[in-house]
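Number of protein chains: 4
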Amino acid sequence: MTIDFSLDDEIVQLADKVRTFMSEVVIPAEAELVHGAHGYPDELRKRLQSAARDAGIFAPHVPTEYGGLGLDTRGQAVVFEIAGRSLLGPPALNCAAPDEGNMLLLEKVASDAQKIKYLAPLAAGDVRSSFAMTEPAPGAGSDPNRLATRAELTDDGWVINGTKWFITGADGAAFFIVMTRTGTDKSTMLLVDADNPGVEVTRRIDSLDSITIGGHCEVVFTDCRVPEDAVLGAADRGFEYAQVRLAPARLTHCMRWLGIAQRAHEFAVHYASQREMFGSTEAALGMAQLQFADNEIDLAASRALIWQAAYALDQGQRAAQETSVAKTFVAEATNRVVDRALQLCGALGVSHDAPLASFLAEIRPFRIYDGPSEAHRWALARRAVRRYGVEAPR
Amino acid sequence: MTIDFSLDDEIVQLADKVRTFMSEVVIPAEAELVHGAHGYPDELRKRLQSAARDAGIFAPHVPTEYGGLGLDTRGQAVVFEIAGRSLLGPPALNCAAPDEGNMLLLEKVASDAQKIKYLAPLAAGDVRSSFAMTEPAPGAGSDPNRLATRAELTDDGWVINGTKWFITGADGAAFFIVMTRTGTDKSTMLLVDADNPGVEVTRRIDSLDSITIGGHCEVVFTDCRVPEDAVLGAADRGFEYAQVRLAPARLTHCMRWLGIAQRAHEFAVHYASQREMFGSTEAALGMAQLQFADNEIDLAASRALIWQAAYALDQGQRAAQETSVAKTFVAEATNRVVDRALQLCGALGVSHDAPLASFLAEIRPFRIYDGPSEAHRWALARRAVRRYGVEAPR
Amino acid sequence: MTIDFSLDDEIVQLADKVRTFMSEVVIPAEAELVHGAHGYPDELRKRLQSAARDAGIFAPHVPTEYGGLGLDTRGQAVVFEIAGRSLLGPPALNCAAPDEGNMLLLEKVASDAQKIKYLAPLAAGDVRSSFAMTEPAPGAGSDPNRLATRAELTDDGWVINGTKWFITGADGAAFFIVMTRTGTDKSTMLLVDADNPGVEVTRRIDSLDSITIGGHCEVVFTDCRVPEDAVLGAADRGFEYAQVRLAPARLTHCMRWLGIAQRAHEFAVHYASQREMFGSTEAALGMAQLQFADNEIDLAASRALIWQAAYALDQGQRAAQETSVAKTFVAEATNRVVDRALQLCGALGVSHDAPLASFLAEIRPFRIYDGPSEAHRWALARRAVRRYGVEAPR
Amino acid sequence: MTIDFSLDDEIVQLADKVRTFMSEVVIPAEAELVHGAHGYPDELRKRLQSAARDAGIFAPHVPTEYGGLGLDTRGQAVVFEIAGRSLLGPPALNCAAPDEGNMLLLEKVASDAQKIKYLAPLAAGDVRSSFAMTEPAPGAGSDPNRLATRAELTDDGWVINGTKWFITGADGAAFFIVMTRTGTDKSTMLLVDADNPGVEVTRRIDSLDSITIGGHCEVVFTDCRVPEDAVLGAADRGFEYAQVRLAPARLTHCMRWLGIAQRAHEFAVHYASQREMFGSTEAALGMAQLQFADNEIDLAASRALIWQAAYALDQGQRAAQETSVAKTFVAEATNRVVDRALQLCGALGVSHDAPLASFLAEIRPFRIYDGPSEAHRWALARRAVRRYGVEAPR
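Residue numbers (the numbering used here), protein chains in the order written: chain A, 1 to 394; chain B, 395 to 788; chain C, 789 to 1182; chain D, 1183 to 1576.
Derived by calculation from the structure, the hints in this document are not laboratory data. Incorrect hints may appear among the rest.
To be verified - Under 10 Å between C-beta atoms, here's a sample of chain A residues computed to sit facing chain D:
id, residue
1, Ala37
2, Gln274
3, Cys345
4, Ser358
To be verified - The following residues of chain B were derived to be distant from chain D, with all beta-carbon distances above 12 Å:
id, residue
5, Glu612
6, Glu622
7, Gly680
Owing to the predicted nature of the structure, the values given are computational and were not obtained by experimental measurement. Positions of the beta carbon are idealized from the N, C-alpha and C atoms, including for glycine.
In isolation and in its complexed conformation, chain A is listed as follows (with noise of 0.2 Å):
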């Protein structure tokens, strides 16, 4: 039938689970983590995700034959969301980024031998991965088509040159999906194994952000030799394959925000509740009310929106309105979010005995990861343009 926002009863008592589990592990596994160190030990990883194994809310985008659970986007958008409440539980669920979307590009294109090679280890969390894209300017960032890395075939299978920026998880990756230019405007994608002696991680970028495992790299292709089937699908392909990853994988990064934000929310709201000031409690002042109100709006309306956003992808569409819409709006909106927590909460919130200093530090960014809102903003207004712009309106 038409328009629904019910669940199923299965997906209700995965979020259940999930829920539980995050609660009673994940959160408390956050003391762990070092302010100002650079993500944390693999170990940590390693731990949570043998514990949501045990819990059975393990890998739940990842198809059943892959050991996971096999659920569609809309299930994703309910489940990502409550792992998203800390920056650990995806990681924990082995659904964090840049991972969970090259599972999803490996499962769409990969040959099988690929699968079993790299897809069937990554799923299972015994490694990690890197998607190796963006670089340096004047190379590819927001505008793909300045892509500079270069993979040339020749007899001997390929070979990469080239730099690249800003590599998430690079450090500790078992392999990197490498977006490189083939011909005049082609692109290919190639898997390349960590231990190939022609890529080097020649730094971790000092960020904003710091949480993420295997940091932003810098990942250097000198000479770069793989055999002739490393490509990922067919060659000169690559820019079409990374548009099968973008629009899920920016769709994900705002399900997993989306719980950052709603915890962040959930503390001001707990914490002004608590405390006393000018004869009343902080959360029974005017201003405090008008931003738990804006939150619970924002948190709202972002959840509609990635709902909207992953039932058009799981109706087999490409999305890319809707998950444009979704992505820029989101980032945003979380961002609001997080920032009001904080300012509600006072000294305590720029403070690392509260979350909210950490989850700033680490959501702002995503208004420029997997697209920044202006390239997004234009997208959509491209669009405007060809859908109203040639025939008046009535």
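Here the structure of chain A is known, so what remains is to put chains B, C and D in place on it, guided by the hints.
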């Protein structure tokens, strides 16, 4: 299954019919509107309703037994938005405020005799009606507890005394549903015919918006006597019935205003796509693109929130949270959209050569009508405190 | 010394006189305005001007030799703001647009003979004038380079052909300053008497704002002949003269609109301080306090930016940066203030029982008139790039 | 005379010297900062101060008798902004918080002996100091009336007990000015040497901002005994003295943060002017231009409000209104500027390869420190009600 944003074929076909009707009949009739006049002749309303009846799209929300199409709230969400593209659309389909909300209330609460006497002609478009609740300060406005109009039950029926203010559609209405105080803290709704000598429409209040037929009026009840069976539903249950009407009524408002905002957006995109400026079209300038994109986002989020609240109402929920979120967001978002559209059209937008100036004047009060944003935010905040204030969230 | 925000005693005394005049004469006269009418009778303007003359506050910006008070721009900033508290204030003091800007232009550029013929009666309030620059698309709007109205110099003087649009005050003006294209890329300003048979005010354009006397009109020039000495200043220097007028004119607009916004704010604070709601006054509710405070901030920042730009103009600078910053900020800030004031007054704010609905309709176009915000932002951005774009800042 | 925005030659020359010093000495020293570390070695501060002394720009706000340049508040507004371009600038010039505010307070209130003991070495940069006012909940935060740290006057001098929280610069400070409750509703300020055995800096609180030397600390006073003449000024006048310090201190904060925001803006304009994207420079894209322009406006309005408040303080006014307006606007505006600058620089902005991520983390708390925006807005609103609430404005 879970989370579905699809539309039934019947709704899609009905929506197409309404869209055609809007383009071919209603929007051309806008030329008959006179700026600065209060409303428009009742003859125009009747002519458009007759055409809507012929097109098979009349009274989409009315149960079939009263001659309507029997849409549920989700169906209304789709159809009212399209009807809302013109300020003449909802009256043409007989789904304009306050009649539409009054039909709902009568259907849910009225006795059979009252339904025959009041609902049937109202649903048929033979008469108009009015809902007399708000009062001049210090009476009932945002705070219904200040209700000052009183009804006393005497041997001779009810006697009503008091002054109502901003009573929409009062001038020319056939009857009023009057909210009165009974006893100390109760309220009773009474049905009063407009020809009752105890009721007088003392003036139309000149206002920023001016197109609503029947205006916003001051209505004075002076020893106004009605029989004992003029009670709508049961005595002393007025506050409860007000809730029955309020949540759906504020949501159908959102649907209709979304239509205006959508049309304003399309108008501006089209205009800017034709307009040459600084060596390109205005539509190719980044500052215009930003506004197009923000409109797309505001419209999509508004629609998603409306659909979600409509779903909740269709499940029989009170949906106070969902409709407050939707009302607050949609009222502000549609105001932003119309404001941007006007800005993009420059002096043309300011002029009544385009419909935007009129749209802006009509839509601005929606941030106040049906509960000002501040009152909804206050309710949202208090609910958030109840939910998250006591126990520390995890 | 440096940085001084004090006011001379003379200005303070003049400001007091103007404030008294506004309270006792101008604001009471607002009762004579008819909503929905275009403007008001010229008799009212003349009556108010006569009273202003008696009060010794007439034409504050006009050089004393033309019967004014000879204030510099900073003095105007103080006095025009107070006069701006009512839409009738600037015409009463003969400092309303477009006359006020035209007087400035004539004083700076006109020949002695032209000053006698045009400036003297204008400064005295005997006649009104109009500045005919903007054109319907695809002519000159935000982009003056699209100027399409042409003037040709013949043996028999100038011949003007073209259509102007949104020409403020045209209906009833005694003369026009007409911006024409001469040659391929030059512009010339010509003085045209309203009784010239080649000029016709073809219509008043119905618009969101409606109180400006003489309206916003369409004016058609058809083989309109004027003598060779009808050139204002020198031929081919029209674009340059436009700059002479533009920066000060946009700033005096800011001054006047600041007055409206200040009054709207005061009205709302007073209203909310009387209004009982939810067990206190509305003014004691945090959501109202937030809006009061934001109004205070917007008003203070507007005033400071106006004063700064006024100072720059008084130093003989072109002040394009300062006046663009002020115009953009003040137009948006005063719109916000009036919008919040209306919101705080609820249905009363929407009604014409209070002045706020009218203020909102009148002030909204200011974000478009005298350069839309987008055009000013574009200029500000380009200037920033010139300043910081080349050398890395330190 | 009236309204003047000019600067004395001496100030202009000093400003030039400071700018050169910032470019040549301070900004290069930023390379020595380590991200994630708390503060930086005191050796760096001393080295920079020595260089500033050599450059003749040390302690610009300090009276000449204490070795400073004796600038009034307006002069500080100019110089502190430039010094504020680097987070190392204010410590270099010995005008960083909290020392700068403490110097002001000591100069206004301390006895001659106290000036010799505390002010002289502080002004000379020989020692650092700390102002111990805020407390953990439920103590004194936004609401100073909740002050919980007590001082009792005994035969043996004062005995202080209580815990202070978020005490900036405490770690390494030579002395504290401690705000204590005396009696039931009074407050007394006491001078406590850091080596007093009754005071302990129990921890540095990890926080979003991390560059302030000495951190934000928890400081516990346990039976901390100080002699009777450790009273700053007179006993029981602590709340009054707090006001002496608060208004100027919040304004000098604004000056310094304006410098950071100005530099962030320049950095982003320069970066975007070099960055090629979609066939032009990023700086030529409308969405970037919009952000440049909004930065220009925010910076100009911030500066104007700071100057106005500085003028008021220099007239000997309390300037509570002006400094609250400035603090609220500038804190939010500079946050917006830095946020936009970071956004414009994309992943580079997120990284610590550019200074923007650090600027954002450092400036965000300014919306909370020195009175959160909500507290200032509350004060502004109450003042507006006092001014306009009683009599109907005209």
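Comparing the hints with the structure gives:
no. : hint   : in the structure
1   : Ala37  : holds (8 Å)
2   : Gln274 : holds (8 Å)
3   : Cys345 : holds (9 Å)
4   : Ser358 : holds (8 Å)
5   : Glu612 : holds (22 Å)
6   : Glu622 : holds (45 Å)
7   : Gly680 : violated (2 Å)
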